[in-house]
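Student: Sequence:
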Amino acid sequence: MSGISIRPADPGAPDIRAMIEAHLAHSLETTPIDSIHAMPADALQSPDVRFWALCDGDTPLACGALKDLGNGLAEVKSVHVIAAARRRGLARRIMTLLESEARNSGYTALVRVTGSELLPAFDAARALYGSLGYVPCDPIPGYGPDPNSVFLRLELAPLG
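Quick note, the sequence shown lines up with residues 18 to 177 if you use my numbering.
FYI, nobody ran anything at the bench for these hints, they're computed from the structure. All values derive from a computational prediction rather than experimental measurement. Just so it is clear, CB atoms sit at the ideal spot from N, CA and C, and this is done for glycine as well. Please note: incorrect hints may appear among the correct ones.
As the list claims (entries may be wrong) - Result set (SDA-like, lysine to any residue): computed pairs, CA atoms no more than 25 Å apart in a straight line:
(1) K84 / A142
(2) K84 / D155
(3) K84 / L149
(4) K84 / R120
(5) K84 / S122
(6) K84 / P158
Claimed, not checked - Between beta-carbon pairs, the in silico distance windows are:
(7) A60 / T125: 33 to 41 Å
(8) V152 / I53: 21 to 29 Å
(9) D73 / P175: 31 to 39 Å
(10) D51 / G20: 16 to 24 Å
Sequences and hints are given; from them, build the entire structure.
Tutor: Put into structure tokens, the structure is as follows:
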């Protein structure tokens, strides 16, 4: 993985859009329609969203985004690793970058919504977020209670 880099990316670029569409397709396969919270590429181009891709050379393998919710809060969105690149620690690398970017931007907390224990396809994601220090919380801004979703929060200590 010597050519791996994480950089800001355009969710509308064809190769990135294809990865986001795979993320949305996975959501449709694993999640009841009323519990899907994944954002399409066009929504990820919003001014309140910052988006990154993890690439091997020019080939995107993973992505993730931060959505500004105001009041020092950012939501982690669109964390996805393509199927052929899974189980290599890439999701952890994206999550670590998102946390660093959030801290550097002055956010005081990150929040995340993912599938609950009712959806086994999200077991690995919940385990990853727990290992990174995310803890369950009440529904985050813009969401209501949902038995198929778990809401998570990571407090960010100020830098320095």
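Student: Are the hints correct? Go through all of them and say.
Tutor: Against the structure, the hints come out as follows:
1. K84 / A142: holds (19 Å)
2. K84 / D155: This hinted pair holds, its Cα atoms lying about 18 Å apart.
3. K84 / L149: This hinted pair holds, its Cα atoms lying about 19 Å apart.
4. K84 / R120: holds (14 Å)
5. K84 / S122: holds (12 Å)
6. K84 / P158: Distance of about 11 Å is within 25 Å: holds.
7. A60 / T125: 33 to 41 Å: violated (24 Å)
8. V152 / I53: 21 to 29 Å: Cβ of V152 to Cβ of I53: about 23 Å, so the range 21 to 29 Å holds.
9. D73 / P175: 31 to 39 Å: holds (34 Å)
10. D51 / G20: 16 to 24 Å: violated (40 Å)
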